[in-house]
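There are 2 protein chains.
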Amino acid sequence: MKSIYLFSEGSKDMKGLLGGKGANLAEMTKLGVPVPPGFTITTEVCDYYNKNGRYPNTLEGELNTALSTLEKQMGMKLGDPENPLLVSVRSGAAISMPGMMDTILNLGLNDTTVEAVIRRTSNPRFAWDSYRRFIQMFGDVVMGVPHSKFEAILHEAKETKGVSYDIELDADDLRELTASFKEIIEREAGREFPAEPREQLRMAIDAVFGSWNNERAILYRKLNNITGLKGTAVNVQAMVFGNMGNDSGTGVCFTRNPSTGENAFYGEYLMNAQGEDVVAGIRTPQPISSLEKQLPGAYKQLLDIRERLEKHYRDMQDMEFTIQKGKLYMLQTRTGKRTAAAAVRIAVEMVDEGLITKDEALLRIDPLQLDQLLHPQLDPIAKAEAKVAAAGLPASPGAAVGEAVFDAQKAHEMVERDKAKVVLVRTETSPEDLIGMNAAEGILTARGGMTSHAAVVARGMGKCCIAGCQDITIKEDEGYMVLGGQRVEEGDVISLDGTEGKVYIGAIPTVEPGISGYFGKLMGWADEARKLGVRTNADTPHDAKVARKFGAEGIGLCRTEHMFFEGDRINIMREMILAPDRPSRKRALDKLLPMQQEDFKGLFDAMEGLPVTIRLLDPPLHEFLPHEEADIKEVASQLGVSVSALREKMESLREVNPMLGHRGVRLAITYPEIAEMQAEAIIRAALDVKKEGKEIVPEIMIPLVGDVKELAYVKKVVCRVADELIGEAGVKMRYMVGTMIEVPRAALTAGEIASEAEFFSFGTNDLTQMTLGFSRDDAGKFLPEYLSKRILDKDPFQALDQEGVGQLVKMAVEKGRKARPGIHLGICGEHGGEPSSIEFCHKAGLDYVSCSPYRVPIARLAAAQAALRAKASQ
Amino acid sequence: MKSIYLFSEGSKDMKGLLGGKGANLAEMTKLGVPVPPGFTITTEVCDYYNKNGRYPNTLEGELNTALSTLEKQMGMKLGDPENPLLVSVRSGAAISMPGMMDTILNLGLNDTTVEAVIRRTSNPRFAWDSYRRFIQMFGDVVMGVPHSKFEAILHEAKETKGVSYDIELDADDLRELTASFKEIIEREAGREFPAEPREQLRMAIDAVFGSWNNERAILYRKLNNITGLKGTAVNVQAMVFGNMGNDSGTGVCFTRNPSTGENAFYGEYLMNAQGEDVVAGIRTPQPISSLEKQLPGAYKQLLDIRERLEKHYRDMQDMEFTIQKGKLYMLQTRTGKRTAAAAVRIAVEMVDEGLITKDEALLRIDPLQLDQLLHPQLDPIAKAEAKVAAAGLPASPGAAVGEAVFDAQKAHEMVERDKAKVVLVRTETSPEDLIGMNAAEGILTARGGMTSHAAVVARGMGKCCIAGCQDITIKEDEGYMVLGGQRVEEGDVISLDGTEGKVYIGAIPTVEPGISGYFGKLMGWADEARKLGVRTNADTPHDAKVARKFGAEGIGLCRTEHMFFEGDRINIMREMILAPDRPSRKRALDKLLPMQQEDFKGLFDAMEGLPVTIRLLDPPLHEFLPHEEADIKEVASQLGVSVSALREKMESLREVNPMLGHRGVRLAITYPEIAEMQAEAIIRAALDVKKEGKEIVPEIMIPLVGDVKELAYVKKVVCRVADELIGEAGVKMRYMVGTMIEVPRAALTAGEIASEAEFFSFGTNDLTQMTLGFSRDDAGKFLPEYLSKRILDKDPFQALDQEGVGQLVKMAVEKGRKARPGIHLGICGEHGGEPSSIEFCHKAGLDYVSCSPYRVPIARLAAAQAALRAKASQ
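Protein sequences appear in the order of chains A and B. Numbered as in this note's numbering, the first sequence ends at 874 without a single skipped number. Numbered as in this note's numbering, the second sequence ends at 874 without a single skipped number.
These aren't lab readings, by the way, just hints derived from the structure by calculation. Predicted, not measured: the structure shown is a model, and the values here were computed from it. Honestly, I wouldn't trust all of these hints.
Calculated lysine-lysine pairs in the DSBU-like style (CA-CA distance at most 35 Å, straight line) [said to hold, decoys possible]:
| no. | chain 1 | residue 1 | chain 2 | residue 2 |
| --- | --- | --- | --- | --- |
| 1 | B | K818 | A | K818 |
| 2 | B | K709 | A | K843 |
| 3 | A | K818 | A | K694 |
Build the full structure now, drawing on both the sequences and the hints.
The structure is reproduced here in structure tokens:
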């Protein structure tokens, strides 16, 4: 096992072993891009350490060799009292986890070497500043002394001197600070700051490997579903300094705009600073274009590198650079994170530029990320009339409306406990705020730039974010902020427009997004590529219209029960449930009939002739009765029955396991009159549509079937009603009767069921519940533990369990097609909108997926990707 | 389609077409046994009528032909004013349904033919008695006039005349009765009694066919799970008369004793009576042996026929006969119903007699019937000390202890609603009482003989029955009886000894039965024949011992949770559940450990080295908390927690669908310390047993596994504990870790699971719930409708759903064996004791079935039958 690779030995294809940062440093070295030399300790070493509690025996020897090579390349030596080599020690896993793991800069400094640096640079301020930063970082990261302890002393020093900025502290001030910092370390960590550079290096490597398993890194991997990695690599690299004076600086840049996708060089930098200053968002940096004036040579070189790297990687790059006394060094390049809008625009434009193919463009976009484009924006009209309270950097687009909260934990709790919608407001964010950012609708910070922690993380999450909003003053401890001169308390509602970077006090209405421009173009390509149809689950004409706008090709699931909760229908429904006999039940159903008919007519109209699958009543009847003590009396009096009669009925309908109870087709068998009424409403509505000259083939779906005899029984009822009505109308009209496959037995006996069913729709929500024996309502008690103990890789209610549930789906497809070759097959569970499940559906040979309206574009893209991947693997 | 067969045309193998009665009348005719001639209208006609609402066109012609053949054979003519033929019209399906369908005797009588009968018999009383019986039966059965209306007039006539018995009415009285009966018919039915014999015949045939679908026939078929029949046949047969004077009579006899099985001629008869008098139980008949004195010739002939028929049919026969003026006629023979004890004894003795083979003996006994032999008898010692309150006929053996109830509907309700145990006490029973007989522990009647309705039905149900108990006077309407001079109110407890025919006031303790004698011999043969092992589901040493006595070869399922409900353990369990953290949870578990250890030691001891499978904790924790408002306060104070804390915990544990919730292996994953404690208790107990020099291989079973990773996780916990303890003890001891297959996903991924599981036990209760999506606790809301609408043939919780659930079982067997060839496979759901399911298990290749202790002998026999049938079909 080779533990260490020099940058000159690796390449971008070695990410698994060298981590993303290490592999790309090696690649840039190979390309001749200026990179300070260094080496990478592999992820296998991290893995070895985690498994064995010690390093491989060969590591020390390899480290010595690599270090002396580096010393030779630089002509400097670690700890040398005359010409000391300083290095950075950085983490870097195969998948980028920004800010989650640790970094140490300026390693190699001690009381002796700092003097050598002073001698060589003639810049005592720089030397002492580097030294105090090193102690501070090393104390925090390696020795576990809280960052705030150092900051407090720094703050004190500035106060004493009466200045505001670090930069105003001189060499002497900083020298004194190093002494104070070392004292803090000794007091807090119980041991001295280590002066020996080799010991510093060993401890730093330990700490970086250790940071793989710190809490926030684990949380980040969990949130981002990052699994299967060996660990982090450690990169040891010769230091270059952006804080050597006003001809030095450091910055972050993107080959294209990561927020909009525009093909324009984009980034920001700080003069006389180290990288951490940019990322931490403490000083607000300058836009990259200003560099052209300040250091035109370096800028030109950077522009050239931008072009070379993007062509080489064939994707938008996110780069870090440092300019040391006018000379440019690249410290990192990686494929840049981007908003969904940017991802789409970049992919489409790169196709137009001939850089990538359409297939590559389609495969490059994470379908789930499109979700960002499908959520509301602030209503332009309402926005125009509202007063802008403050403006900041448009760090992540979209809209957020919610209660302002100034603490991440609190934000999390308010969402969890009160189901509140919140906007997290912080002076600046740090990885500790992740939990609150995750819970919030959007994020607003007072400091930091477009590449600050808040901005990067929010873009990754697809959440709206405004960063560096200097018009606000936040009193986090006191729980309020002053925004545009107005005091905003915790809980007051504010609205963010992340696309424009504008903040409003109060709630501004939002509007639905559409598919056009680059997005529309990409979706067009997706439609050409995919084989699966994409339908939607919609119960109302409104949902149906939204889904149509997003490209739905029909309704795969209309849940009729939702229609019974609206307005006074619920009371008629209750009247039906409480009816003592069939005739009075029928009287109540007769009242519901015209309402249902109108509902269906509305849906048929909205879908303009596209197929519409309507499921007959599914939930157990007790769901329609009141549950709260207080409501029972009211409902009883509304219905004109005694409280005791109502209670008695409720008691008789009570179920131990309602999921497995008296619902679905079982209702239609015990109360065929309900199925009759619904069939009548569907057919009458279809006949109405037909009268208007439009064609419609209603698909009537019987839920929860487990045996063909159940389906046959209800089908007979439905067909009798339908055929009679169609006969009376004297027209020809086709309709279909099919079933959900959601009970395991239905999949097992799908051959028999197909003899009666003209279509199958896989109800994978219930099929998952029954196949796994997980009640979705109760699985929260153990699922988190299952995920954290890695007993399950994914929540099976989100991503289809292909091994178990998928086996039943495949079995049913095969048996169903064998028994009825033309049978139409789809899926209408939540999984119909989840990319990995959609890929499964493609492979299983389904005809379509059906998902919620906002998932339709995601499904279209995921279906295209499935088809492309299948083609590629042939 | 041939609709009618003369008796001389059929044979006993044509039961499906001719019904049991018709086929056997034909067979006897062929054998030369004296049978009055006649013919059978086939069951296909019944089926045709039910499907088409009319008879086949050819029926009328065939009926005319058959009737004229019969007239020729008898030398008489239907309706002939000089020499009229009288016929009986009787139902008879392929499977006997005693008393469920209708019969009409003496058909052909009217005001003219009755005079011819008087002239030919010179017995006006006989003629008028026959006529009034015919009108009464015809009125009741064909024209729908309630039986009671006729009885009331008959009663009045007797009162007027001051006599007690029908026999005391003379010809004139009876003539007057016929007139009154005809008037009632006209008044009640709205039309005249039909005088024309051909019309009488057509109407009677209609009524008998119609009786196939009367309510009690449907109920009977449902209770006895009789399906797949075409309908009833109709037998038209020349009348012979047992009521022609004192040289005439009628009776019912069995070739062996149907109650005990003793090889002795058995039966009873009434002189000067028609068949209905014996069956209805109105007069108490004489034992058959008395016939030898009264009519020695007929008796000798009957003995001869007894022998011929039993040899011919190779089984015990139940025969009906009539003696007309000294001449014997056989009216029916069929394989006789018998108690389980009789069935066993007859089968074993017939093998000993060389009449049948051992295999035949085994196949001849319905395994479920053995249940009768496995239930308690009255304790002989307690019985000896108790006072016999009354004695009757020992109509069906066994014991019954319960509240006396005098109304069938009420008996049913008390059992359903109050879970009461009741004894149904009636003057006599009729088919309307079926619902109450089904609900009761036992039946006591004041009138009727060993072949009365009560006796026959009770024996069929395997229920204890005492019939013809003349020492009691029952006031059904007033709700009490006088029993041995003592008044017994409804709800007072009485005890029946059906084996001896004795009634006791109060509850007499019962004792467990054993397997010995004929039963033991049969079980020995079963054990030789079967391939499946038979284990038991037992949680206590007591249950384990009972099962051992019944032949269990191990414990297939010990449910450890039952142990946590006993005594003060429930409080420790609750302490564990309410524990705020792992250490306090462990403290509570430490208290449970020695108790569990003792439990397991007791089980191991009781099973004497046979295998014992112990399932780790399965139910959700909320099952251990109080449910009633009243208990919460008490429990809180016992546990020293606040009511609100207890409530909060209860709320946090509440589940929407507990069946699919936080239970089984999921508990062991979230609280591994529970599994640790149980593993420790099991292994410590096994080590204790080993110290005593006995061998034991404990089998530790993890419930509710759906993914191999769940099993692997808990197996690791269990093995760590077990290996440590065994290591400490310094001995060698084997133990096994396996899993339930009860989640559909477990069956689907059984190959993977078998890589960790050393055995599978199919938990078909839960597997049925999840595969069908039926909550067992809630299915009562729709299952009855499913069964009555024939959507399901059987309750899937009683008989394994072979098509659905069975498919998963077969899949798991195949995948499991492929992955681990030696894997041990069993079933521990309720189905393990149900014969059709046991046959399935045999075919699926399981190693054993496990069932409740009282089902063990049933399983042994069913397993033997499965093996024999499989051998036969090879």
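Cross-check of the supplied hints:
A distance of roughly 27 Å separates the Cα atoms of B/K818 and A/K818; the hinted pair therefore holds under the 35 Å criterion. At roughly 26 Å between alpha-carbon atoms, B/K709 and A/K843 fall within 35 Å of each other, so this suggested pair holds. Proximity of A/K818 to A/K694 is assessed by CA-CA distance (about 34 Å); at most 35 Å being required, the pair is judged to hold.
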